[in-house]
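Q: In order, the protein sequences belong to chains A and B. Numbered by my numbering, the letters in the first sequence go through residues 1 to 251 in order. Numbered by my numbering, the letters in the second sequence go through residues 1 to 254 in order.
Keep in mind the hints are simulated off the structure, nothing from the lab. None of the values given here were measured: they were computed from a predicted structure. It cannot be assumed that every hint is accurate.
To be verified - Calculated cross-link-like contacts (lysine-lysine; reagent style DSS-like; alpha-carbon spacing at most 25 Å):
id	chain 1	residue 1	chain 2	residue 2
1	A	K107	B	K29
2	A	K130	A	K171
3	A	K73	B	K29
Below are the chains, spelled out letter by letter.
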Amino acid sequence: MIRLQGIGKRFGDHQVLEDINATFGPGQVNMVIGASGSGKSVLMKIMVGLVIPDQGDLQYENESLASMDREAKQGLRQNIGMLFQNAALFDSLTVEDNLLFPLRMFKPASRAEMLERAAYCLERVGLAGKGPLYPSELSGGMKKRVGIARAIVLGPRYLFCDEPNSGLDPKTSLKIDHLIRDLTQEFNITTVVNTHDMNSVLECADHIIFLHKGHKTWEGDRHEILRSEDSALNELVYATRFLQQFRDRSS
Amino acid sequence: MDFRVILGLMSFFYHFGRYLLMLRQMLAKPENGRMYWEETVRQMASIGLGSVGIVAFVAVFMGGVSAVQTVYQLVAPYISLTVVGSIVTNSSILELGPSVTSLVSAGKIGSNIASELGYMRSSEQIDALEIMGVNPVAYLVGPKVLACLTMIPLLVIVSISTAILGGMVICQFTGLITYDQFIEGARSSFLAYDVFFAMCKAVTFAFFISSVSAYHGYHVQGGALEVGRASTKAVVYCCILILLGDYILAELLL
Numbered sequence: 001m002i003r004l005q006g007i008g009k010r011f012g013d014h015q016v017l018e019d020i021n022a023t024f025g026p027g028q029v030n031m032v033i034g035a036s037g038s039g040k041s042v043l044m045k046i047m048v049g050l051v052i053p054d055q056g057d058l059q060y061e062n063e064s065l066a067s068m069d070r071e072a073k074q075g076l077r078q079n080i081g082m083l084f085q086n087a088a089l090f091d092s093l094t095v096e097d098n099l100l101f102p103l104r105m106f107k108p109a110s111r112a113e114m115l116e117r118a119a120y121c122l123e124r125v126g127l128a129g130k131g132p133l134y135p136s137e138l139s140g141g142m143k144k145r146v147g148i149a150r151a152i153v154l155g156p157r158y159l160f161c162d163e164p165n166s167g168l169d170p171k172t173s174l175k176i177d178h179l180i181r182d183l184t185q186e187f188n189i190t191t192v193v194n195t196h197d198m199n200s201v202l203e204c205a206d207h208i209i210f211l212h213k214g215h216k217t218w219e220g221d222r223h224e225i226l227r228s229e230d231s232a233l234n235e236l237v238y239a240t241r242f243l244q245q246f247r248d249r250s251s
Numbered sequence: 001m002d003f004r005v006i007l008g009l010m011s012f013f014y015h016f017g018r019y020l021l022m023l024r025q026m027l028a029k030p031e032n033g034r035m036y037w038e039e040t041v042r043q044m045a046s047i048g049l050g051s052v053g054i055v056a057f058v059a060v061f062m063g064g065v066s067a068v069q070t071v072y073q074l075v076a077p078y079i080s081l082t083v084v085g086s087i088v089t090n091s092s093i094l095e096l097g098p099s100v101t102s103l104v105s106a107g108k109i110g111s112n113i114a115s116e117l118g119y120m121r122s123s124e125q126i127d128a129l130e131i132m133g134v135n136p137v138a139y140l141v142g143p144k145v146l147a148c149l150t151m152i153p154l155l156v157i158v159s160i161s162t163a164i165l166g167g168m169v170i171c172q173f174t175g176l177i178t179y180d181q182f183i184e185g186a187r188s189s190f191l192a193y194d195v196f197f198a199m200c201k202a203v204t205f206a207f208f209i210s211s212v213s214a215y216h217g218y219h220v221q222g223g224a225l226e227v228g229r230a231s232t233k234a235v236v237y238c239c240i241l242i243l244l245g246d247y248i249l250a251e252l253l254l
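Start from the sequences, fold in the hints, and give me the full structure.
A: In structure tokens:
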């Protein structure tokens, strides 16, 4: 479980986040949604420890990140997997070596065991046999799936996905969404996804928080989001004329 | 004081402080010594083998040109021609070998380090390492610095040897002086201390090239344009530091 208490962050004169409170539970796909510039990426960077908040507290399993010593943070990081917007695969390594990298660094076992684990993760994301390829030989969707495989190779308790559908066609997006949801449920992972793709939200989100200009203005699930009274949220959800017409007819 | 001077000073201390912090982080305990060692060996192979060709090529002509120009300037009957071997050898060991090799290395190795790290930063690969729990400075910068500290002095030795050999061969083939005259001159003025001085320069310049280039690459913010800028900046600053360090070391050690 991840708990955010009064998180605030300012860059110069610009208050990017203010008083963000939320709890993200295990086995759930938690989504942080909002328009571009709403503070989603900064919030995710705070959660993974890349950015230090100016105010508030971030807790993993009721333990404050700020009070953890270096070793505890190191241990926590090995329980965190992250899928980056552009997958952030190591270009000089093959797909298999990308997966072996965290294993060799933190869980040295026999080569056969590590290869078996890497092969399992690749199979789990539907890329069995793609190990010898380099990232430059993969499509965007395949890169994302390798990114997911690398994120889960150490068996993390927390999975963070930054815009997992950006640059993908709707069908591939859906595959990625289902993969994230299935892995979350299968391994009881606390998953946090940053997105502004409403298809993903309506397909997979168990718990949603909506950020608007650095503030959390709405929280609920994917069924409640369609009935929300929040005008800023409705602008995001019903952004197209087609959806607006659909809403008007339904109401 | 002029406002721009104050801003310049503030910027200098900001970058210098951040550079020192990077060096401190670089010395952190490795998460897995074997992985770090493998990366160091990989960097050594890339830096050493990747640069030996260009270094030797430059050195051959450096030695040859200095031999021809020395003969051109010393056309006097009372000066022994063996002095050509002496001048080519001494200038190769004291100046041409370490300094020119380092300047060539700044262009090749320095820009390579800055652009590699800059690309890794802009494509979030460095963030990925950090989130995994790897200290990215220690893992990415440390092996590069160590590889440069070992390989650039070796490249300097190759450069000095090739420059002397180049000078000797060109003297023989153009009929300026014979092998024997060249070797006699080279031996007569050789001092082991000069080689020590050359190695001191090589190690110092290797540290500048690796750490300054890594600093510029590691702190890139933005995309391809900024990566290119960082690479150019790295080469320019390395060249300035090499020339400055060259003078200071000459004052201190000679």
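Q: Does each hint hold? Answer for all of them.
A: Quick rundown of the hints versus the structure:
1. The hinted pair formed by K107 of chain A and K29 of chain B meets the criterion: a straight-line CA distance of about 17 Å does not exceed 25 Å.
2. The straight-line distance between the Cα atoms of K130 of chain A and K171 of chain A is roughly 21 Å, inside the 25 Å bound, and the hint therefore holds.
3. For a cut-off of 25 Å, the pair hint linking K73 of chain A to K29 of chain B stands: about 15 Å separates their Cα positions.
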